[in-house]
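Undergrad: Here is how the chains run, residue by residue.
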Amino acid sequence: MEKGGLLPVLDSSIQKIRSVSGGSSDVLINRFVTGGIHCALLCCEGMVSASVITELIFEPITDIPQQKDSHGLFHYINEELLLSTDRPEVGDYDTLFQLMNSGFAVLLAEGMTTGLAFGVQGYNTRGVQEPLGEGNIMGAHEGFTETVRTNMSQIRRRIKSPELVMELSKKGDKSSTDICLCYMKDRVPKALMERIRRSLDRVELEAVLTTGYLRPFVENGSFELFDSTGTTERPDVLCSKLIEGRVALLVDGVPYAIVIPRLFCESFQTLDDYAYKPYYATFIRWLKYGAFLIAVLLPSFYVAIVMYHPELLNSTLFMLLVDSEKKAPLSIVTEAFFVLIMYEVIREAGVRLPKPVGGAVSIISGLIIGDAAVNSGLVSTPLLTMTALSVLGGLVVPELNPQVTVLRFAFLISGGALGLFGISLLACAVLVNICATEDYGFPYMAPLSPFRKSGMGDTAVRSGIKKLQSRGFTVEEYHE
Amino acid sequence: MNRISKFQFTALLLITDLFSLCCCFGGISLGTLWGILAGTAVQYLAAMCFAVQGGALKKWAQVFFLVYAVFSGGALFVSLWRTRSAVYIPYEASHGIWGSLMTAGLIALVCLYASSTGIKSVTRAAVIAAVMALLSLSVDLVSALFNAEWSNVSLPEKRGLLGEILRGFGLSGSLGSMAVWLDSVKGDKSKALTAYFAAKAAAVTAVIVTVLPVVGGIMELTEFPVITAAQLSQPFEAQRIDSLFLVVFSVLAIFSVTLQVMTGAYLFGELLPRFQRWRSFTVIALVIGAAFIINGRELLTVRACAAAAALLIAPVGAKKSAAIGSG
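Which chain is which? The protein sequence lines are C and V, in order. Residue numbers for the first sequence follow the numbering used here, beginning at 417 and rising by one. Residue numbers for the second sequence follow the numbering used here, beginning at 64 and rising by one.
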């Protein structure tokens, strides 16, 4: 769209607006005369609240006394009327459309090359609800919504400190999506903020529709299995991250926030950990570490041990496995591969289908297919048990689900081909990859490697809150 | 150059020494322990001279350490092939020379990937690998103690102390890498060296003192005493756990070779700055080539002489550090 001021002739200006918008039906143009000046109030249908615009804009504006010219009218509105708290000035058509499409009402007057915009947003949004993906028992039950300003208010409600900074900007040439960069200015190093801003400056997308569009720009470009940035849909979790000196990115239209940087150990921490007694929280944390290893390695270890290293089993277990595996028509690797693929198909179907049908899919797959597969002898019971345990283990750490899924298959293949030797080779490659994951100088494996003793209090165990309070931790401690 | 901590430095070097010890060929006795400890003490003193001298290496010294890294890497591959009769690697066991080649190829692939990520990530991973390996080894060896016959500790010694010192030097393939990477250690270099040599002495002592009472009775018959000790250590009555040693063994092998490849690739980059893209690949090809040349031979004397030369060349070939130069 061409740059430059608004046309002074109201008719020409309206004609221009109609031509740029292509006569779009949702662009509403209301012409009226107030204070003796011809004016037009523009807004986008469905983006503004009809009652707010009537009460706060139309009623006061139509009561304006006679003015000598348009400048006088705008001066009167600016000085005498408090129509809305958010009142930017419009200098060009680009801004006019941006504001109008964001729920502002724009007032144009005959002879003026600028317009007045009033924030009267009133579009329908989903209310604050309990997050679906991050379950919590003892903590708050509020999650982010799709509206960035609501999300900003949820954070502000929890951190009332003036050190909390929220910088709004727009990304996406076509979508003009609101992006909000949140940080505690006394906790985040200036250099890190500069680097994140520079990364975001590289965004030249036409639309930003989900957090996944922005994450590659703020992550290290090299091949990383694990994400060095995290996401959360919980304002309380995000606030804890901000206080630890991390940076958050809120994207309008997405009920998730991006957290920079993210550490591996954080995938095993939940807000509930801090609500329980330390001994129980520590137990739960180790349970999650174990579940992660089971999720990734159990099927491959089963296959490797049964195929190549049966001496690792005691004789009773060995005979039990031999007995059930000899009835199965497929090789153990094929069998395991088949069961895991079936699980992934069922899971994907359950996620994509409408909820009532999704439940039916689970019943059909779990009861009918699973039972039939075992009864027909297609799959052995021990293998099915191992796979189910592995899948359950993966559900304990939902954030790492993509990695767990892929690694489970990779380890299964390497274990099936080369036994424990293959598993060891792949484990080394994965270990190096995880250790190479780093974002803005924050190693993903910290505080494990590079080792930081101070970080162990909330990684290997969960120390008492009093002890953690005295620590005054910020993520800067892990910077290399 | 990236900076690494003294613990990362220690872990990376210790892994190579542990792997060499696992692949140690022929009978061992208490004399072996004294020999290796004496050798370690000599190495420590020489390394401290290098630490005091400080600074990066001169060009000719870099050429020497590049050759040394390729030779040590080749020797590690040969050790890996030699132990295949004792350590069961599924595919390799049934496919002879092609199996060995495939094992080498797979290890090379992992090493190639690891070295491409840089020293920082490899040292971070090495710390975790070293801790896991030491834990697993200690489980293996502690369970071995239940099968121990302590009278076996005083076995007759076959080699003299000098021979055992030579053996200790021969099993120290990480000395070249030590000289190359010492400059990148954060903080006090002499503390890093002290940590490394102390850890090495402790680990070697723990392993040999456990191996002697377990394998002692059949020392004459066994080729690889450390592997045999691990195989004899069975904490459970109804099942064997020696396959788990394979996991530790593989992890140690990978990080040992990766260290040599990374050292070689780094020196290649220093010597030929324009040669950037295929450095790791070239070094690993050279390492496998060297393994084929060495194949079947232990070359303990040559390895010992090379290690001794590395210790002598390191201080002589070091550029004077800024502090010393100005002082």
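If you're looking for bench data, these hints aren't it; they were derived computationally from the structure. It is possible that some hints are incorrect.
Below, a list of computed lysine to aspartate or glutamate pairs in the EDC-like style, where the Cα atoms sit at most 20 Å apart [what the hints assert, rightly or not]:
| no. | chain 1 | residue 1 | chain 2 | residue 2 |
| --- | --- | --- | --- | --- |
| 1 | C | LYS586 | C | GLU550 |
| 2 | C | LYS590 | C | ASP787 |
| 3 | C | LYS742 | C | ASP787 |
| 4 | V | LYS69 | C | GLU496 |
| 5 | C | LYS586 | C | GLU620 |
| 6 | V | LYS69 | C | GLU893 |
| 7 | V | LYS183 | C | GLU622 |
| 8 | V | LYS183 | C | GLU579 |
| 9 | C | LYS771 | C | GLU550 |
| 10 | V | LYS249 | C | GLU896 |
| 11 | C | LYS606 | C | ASP787 |
| 12 | C | LYS590 | C | GLU550 |
| 13 | V | LYS183 | C | GLU892 |
| 14 | C | LYS586 | C | GLU640 |
| 15 | V | LYS249 | C | GLU893 |
| 16 | V | LYS249 | C | GLU461 |
| 17 | V | LYS183 | C | GLU896 |
| 18 | V | LYS183 | C | GLU620 |
| 19 | C | LYS586 | C | ASP643 |
| 20 | C | LYS606 | C | GLU579 |
| 21 | C | LYS432 | C | GLU550 |
Undergrad: Does each hint fit the structure? Answer for all of them.
TA: Each hint tested on the structure:
{"no.": "1", "hint": "C:LYS586 / C:GLU550", "verdict": "violated, 28 Å"}
{"no.": "2", "hint": "C:LYS590 / C:ASP787", "verdict": "violated, 51 Å"}
{"no.": "3", "hint": "C:LYS742 / C:ASP787", "verdict": "holds, 19 Å"}
{"no.": "4", "hint": "V:LYS69 / C:GLU496", "verdict": "violated, 70 Å"}
{"no.": "5", "hint": "C:LYS586 / C:GLU620", "verdict": "holds, 11 Å"}
{"no.": "6", "hint": "V:LYS69 / C:GLU893", "verdict": "holds, 18 Å"}
{"no.": "7", "hint": "V:LYS183 / C:GLU622", "verdict": "violated, 37 Å"}
{"no.": "8", "hint": "V:LYS183 / C:GLU579", "verdict": "violated, 35 Å"}
{"no.": "9", "hint": "C:LYS771 / C:GLU550", "verdict": "holds, 18 Å"}
{"no.": "10", "hint": "V:LYS249 / C:GLU896", "verdict": "holds, 11 Å"}
{"no.": "11", "hint": "C:LYS606 / C:ASP787", "verdict": "violated, 59 Å"}
{"no.": "12", "hint": "C:LYS590 / C:GLU550", "verdict": "violated, 32 Å"}
{"no.": "13", "hint": "V:LYS183 / C:GLU892", "verdict": "holds, 18 Å"}
{"no.": "14", "hint": "C:LYS586 / C:GLU640", "verdict": "violated, 28 Å"}
{"no.": "15", "hint": "V:LYS249 / C:GLU893", "verdict": "holds, 16 Å"}
{"no.": "16", "hint": "V:LYS249 / C:GLU461", "verdict": "violated, 63 Å"}
{"no.": "17", "hint": "V:LYS183 / C:GLU896", "verdict": "holds, 10 Å"}
{"no.": "18", "hint": "V:LYS183 / C:GLU620", "verdict": "violated, 32 Å"}
{"no.": "19", "hint": "C:LYS586 / C:ASP643", "verdict": "violated, 24 Å"}
{"no.": "20", "hint": "C:LYS606 / C:GLU579", "verdict": "holds, 13 Å"}
{"no.": "21", "hint": "C:LYS432 / C:GLU550", "verdict": "violated, 48 Å"}
Going down the numbered hints, you'll see the structure goes against 1, 2, 4, 7, 8, 11, 12, 14, 16, 18, 19, 21, while the others check out.
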